[in-house]
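Number of protein chains: 2
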Amino acid sequence: MRSLLLFFILGAITPIALAQDDSTFIRNAYDEALSRGHSYENLRSLCKDIGARITGSAEAAMAVEWSEAKMRSYGFDKVYKQEITVPHWERGTKEAGWVRRENGDLIKVHLLALGGSIGTVGLMEGELITFPSLKALQEASLKEVSGKIVFINQPMDEKEIITFRAYGGCYPIRGNGAVEGARLGAKAVIIRSLGLPIDPHPHTGSMHYNDSIEKIPAAAVSTQDAELIQQMVDAKESLEFVLEMDCQSYPDVQSFNVIAELTGTENPDEIITFGGHLDSWDTGEGAHDDGAGVIHCLEALRILKELGYKPKHTLRLVFFMNEENGNFGGKSYAKIVMDKGEKQIAAVESDRGGFAPRGFTCDGSIEYLKMLASFETHFTNYDLHIFDQGYGGVDISPLKDYYEGIPLFGFVPDSQRYFDFHHAPSDVFENVNKRELELGCAAMASFLYLLDKNI
Amino acid sequence: MRSLLLFFILGAITPIALAQDDSTFIRNAYDEALSRGHSYENLRSLCKDIGARITGSAEAAMAVEWSEAKMRSYGFDKVYKQEITVPHWERGTKEAGWVRRENGDLIKVHLLALGGSIGTVGLMEGELITFPSLKALQEASLKEVSGKIVFINQPMDEKEIITFRAYGGCYPIRGNGAVEGARLGAKAVIIRSLGLPIDPHPHTGSMHYNDSIEKIPAAAVSTQDAELIQQMVDAKESLEFVLEMDCQSYPDVQSFNVIAELTGTENPDEIITFGGHLDSWDTGEGAHDDGAGVIHCLEALRILKELGYKPKHTLRLVFFMNEENGNFGGKSYAKIVMDKGEKQIAAVESDRGGFAPRGFTCDGSIEYLKMLASFETHFTNYDLHIFDQGYGGVDISPLKDYYEGIPLFGFVPDSQRYFDFHHAPSDVFENVNKRELELGCAAMASFLYLLDKNI
Chain X
1 MRSLLLFFIL GAITPIALAQ DDSTFIRNAY DEALSRGHSY ENLRSLCKDI
51 GARITGSAEA AMAVEWSEAK MRSYGFDKVY KQEITVPHWE RGTKEAGWVR
101 RENGDLIKVH LLALGGSIGT VGLMEGELIT FPSLKALQEA SLKEVSGKIV
151 FINQPMDEKE IITFRAYGGC YPIRGNGAVE GARLGAKAVI IRSLGLPIDP
201 HPHTGSMHYN DSIEKIPAAA VSTQDAELIQ QMVDAKESLE FVLEMDCQSY
251 PDVQSFNVIA ELTGTENPDE IITFGGHLDS WDTGEGAHDD GAGVIHCLEA
301 LRILKELGYK PKHTLRLVFF MNEENGNFGG KSYAKIVMDK GEKQIAAVES
351 DRGGFAPRGF TCDGSIEYLK MLASFETHFT NYDLHIFDQG YGGVDISPLK
401 DYYEGIPLFG FVPDSQRYFD FHHAPSDVFE NVNKRELELG CAAMASFLYL
451 LDKNI
Chain C
1 MRSLLLFFIL GAITPIALAQ DDSTFIRNAY DEALSRGHSY ENLRSLCKDI
51 GARITGSAEA AMAVEWSEAK MRSYGFDKVY KQEITVPHWE RGTKEAGWVR
101 RENGDLIKVH LLALGGSIGT VGLMEGELIT FPSLKALQEA SLKEVSGKIV
151 FINQPMDEKE IITFRAYGGC YPIRGNGAVE GARLGAKAVI IRSLGLPIDP
201 HPHTGSMHYN DSIEKIPAAA VSTQDAELIQ QMVDAKESLE FVLEMDCQSY
251 PDVQSFNVIA ELTGTENPDE IITFGGHLDS WDTGEGAHDD GAGVIHCLEA
301 LRILKELGYK PKHTLRLVFF MNEENGNFGG KSYAKIVMDK GEKQIAAVES
351 DRGGFAPRGF TCDGSIEYLK MLASFETHFT NYDLHIFDQG YGGVDISPLK
401 DYYEGIPLFG FVPDSQRYFD FHHAPSDVFE NVNKRELELG CAAMASFLYL
451 LDKNI
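From first to last, the protein sequence lines stand for chains X and C.
Using the numbering used here, read the first sequence as starting at 1 and increasing by one per residue.
Using the numbering used here, read the second sequence as starting at 1 and increasing by one per residue.
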């Protein structure tokens with residue numbers, strides 16, 4: 001009778017006690033991130049002691065060394081590197097552009113070659129022909145475009161509330177602009193930077209060529225320059241564009257994903273992969289993109305260890321190399337772990353900047369969406385409210401090709417300021433807010449804790 | 001039969017049609033704010049053409065003129081000023097502080113007199129005695145404190161997720177520090193700035209005296225200086241503090257609340273008051289506090305007019321004067337409208353900075369809380385999620401003394417960066433993000449629309 005009574009009492013108490021445990025653990029994770037956090041200093045060091053770290057650069061190699069040393073310093077169960085092959089493109093030393101007005105006046109523009117572009121081989125110049133969108137270029141005739149320098153002035157739609165949607169709408173002008181221009185005989189393609197504010201910072205980013213179509217140089221001018229050019233175009237002025245760039249691609253090089261693990265105590269062979277990308281574009285310092293993301297994940301694992309958490313599954317932190325121009329880090333990782341026969345049960349990514357956390361999204365089946373929705377109550381006091389279907393991330397997405405049904409989770413910070421800095425010289429440490437970064441780390445640690453316990 | 005059928009059809013359709021109207025109207029409000037908004041340029045002008053605008057200053061007078069002209073330019077139904085009496089305190093021209101170390105070395109600190117403080121009448125110096133909190137000072141003895149300069153190094157609690165709670169926890173050291181110090185014979189009180197980051201910006205703010213206790217000077221040093229002083233205190237070093245300030249209070253002056261209205265079409269005598277405060281502290285430019293707030297409200301009324309909205313009730317925009325050091329704008333407004341016999345039915349305030357919108361809170365009865373909760377669905381696509389009980393605002397709070405049961409609503413932007421800038425030299429236009437400001441304006445316009453339709 002007494003034992004039956006005890007059973008009922010314990011039966012009634014246990015869920016509450018567990019909920020309190022979760023609540024206490026998450027509170028402790030936030031306290032650790034906010035009061036004794038390493039994230040801001042670690043991001044400072046990554047941005048200032050290393051800096052911009054495009055694949056193939058000395059900085060990328062030093063970033064690998066930096067990451068491995070940092071992970072070792074925290075005493076995780078395992079720290080190792082995963083060798084991969086990555087593209088190597090360099091901006092070179094010459095990069096300049098001018099608009100030549102009808103009266104001969106020259107206006108220097110703020111310009112960045114797009115990643116992967118060929119150079120101009122000396123000074124290139126030509127009549128400028130302006131299109132308001134990629135679609136308008138595609139609809140133009142060979143006669144109109146041939147021999148000219150194309151300018152695509154398609155702005156991101158500021159009316160989109162989630163700025164990533166506006167980015168998605170403009171992404172093709174950067175990715176396909178050179179191919180579409182060359183198809184009509186253009187000498188080069190200049191695009192309006194994919195950035196929301198009107199400012200002097202050009203935004204670079206990846207572009208591609210098509211083997212059956214001539215390769216032509218591609219660059220982005222700042223939104224401020226784009227507006228200025230448009231004013232002259234609207235005034236029916238005939239313009240020429242002059243540019244020189246000596247960027248070029250080199251043979252592929254070896255590089256590494258950098259990995260740390262806390263070994264699972266119940267199911268060590270079941271792996272939860274989480275991370276961001278260590279490489280960045282070669283301008284700015286890759287502070288938001290994706291310094292913040294790798295630091296979120298590093299700090300989350302440090303916090304879990306510091307709080308003495310013993311994960312059920314193996315928690316594997318991956319600093320992916322080469323997300324920006326090829327995603328060979330993510331692609332290689334997925335293939336390598338599949339070839340090894342590893343059991344990957346979930347993946348989480350942070351690659352949307354170091355802003356105030358809003359929640360997590362899930363690219364997965366209804367059971368995982370339900371699990372994610374059940375996490376929301378744990379975050380009410382921490383001002384997170386998005387626990388919904390959505391994208392995981394570029395680095396982890398290749399896992400889907402090998403692990404059918406694997407749920408991918410994306411960390412969602414506030415998106416409003418991301419495209420002020422994305423791929424621009426302004427993506428520097430000073431533009432990351434300490435507290436916002438720390439809150440992201442705490443959210444990531446808490447999410448990994450809940451995921452490990454509930455999956 | 002046909003008319004009965006029509007009745008049922010219309011009865012079924014109307015709510016959907018109305019909901020679509022609401023949805024379209026709110027989408028249009030966001031489009032207007034984001035694509036054709038005036039808010040960023042208006043805030044730039046308020047910050048740069050006027051600047052810091054403490055009550056009694058030339059800038060405050062020019063801010064009144066600026067506001068009235070701006071409101072008139074938008075052709076609102078009424079624009080007028082409401083004469084009020086406000087305090088006049090000036091920082092003066094001398095303001096400097098040093099820590100003198102045991103070995104005689106001098107360390108210059110970044111210091112701001114607290115608003116309302118008396119000056120030092122020449123150089124003042126004294127032994128520095130440090131307390132970790134106001135409570136610790138209150139528990140000290142006359143013998144310990146008498147004749148010394150008190151330093152209260154009580155940090156804001158960075159573990160509070162909503163930063164206003166951390167501010168609330170430290171507010172008494174600024175408000176009461178001088179009284180509590182003087183009670184024990186202190187010569188002056190220096191506080192750690194009420195700011196979250198460790199940086200060189202001191203944060204000013206209001207303090208008060210008690211007529212029965214001697215008045216002593218009060219100032220805030222930057223958090224960076226506070227940390228430095230604490231290190232020396234922890235090393236058992238004896239320190240002296242030296243300061244000079246010639247701030248002082250002057251006789252009260254006349255000033256104005258500045259008001260614009262769209263007249264109600266159904267209930268013109270029922271007034272919804274909304275606004276922020278036009279005055280600011282005399283450091284920085286009052287960009288977030290509360291330039292952003294008045295601009296949110298001005299732009300909201302402009303948007304409603306631009307979209308042709310005919311409000312049921314009179315929508316009255318008030319730029320309150322003197323929130324920072326006395327709230328005589330808010331107090332006078334409430335008394336004046338009560339004395340006139342006006343029917344005030346609700347009030348809304350924006351005074352928490354120009355950051356990304358999170359929602360609105362209500363200080364009111366359950367019926368108003370339910371109404372507020374019913375608004376949430378309209379804002380789902382705009383990333384707002386807080387529609388809950390909470391504070392209205394300082395300017396509108398005196399309305400409660402005259403209008404029993406009046407619901408007060410507060411606009412809630414993200415709070416994480418607010419105390420980086422609050423009352424500090426860093427509260428300048430450049431630290432307000434254009435897009436975040438515009439989203440706040442759109443949220444305010446949409447909220448006023450829903451409030452007017454549903455109250």
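Keep in mind the hints are simulated off the structure, nothing from the lab.
Some clues are possibly wrong.
Same chains, same label: a pair holds when it works inside one copy or across any pair of copies.
[As the list claims (entries may be wrong)] Straight-line distance between alpha carbons at most 30 Å, and here's what the computed DSSO-like set of lysine-lysine pairs gives:
1) Lys159 with Lys48
2) Lys453 with Lys159
3) Lys159 with Lys305
4) Lys370 with Lys305
Since the structure is predicted, the reported quantities are computational estimates derived from the model, not experimental observations.
Index of numbered hints that the structure contradicts, given in increasing order: none
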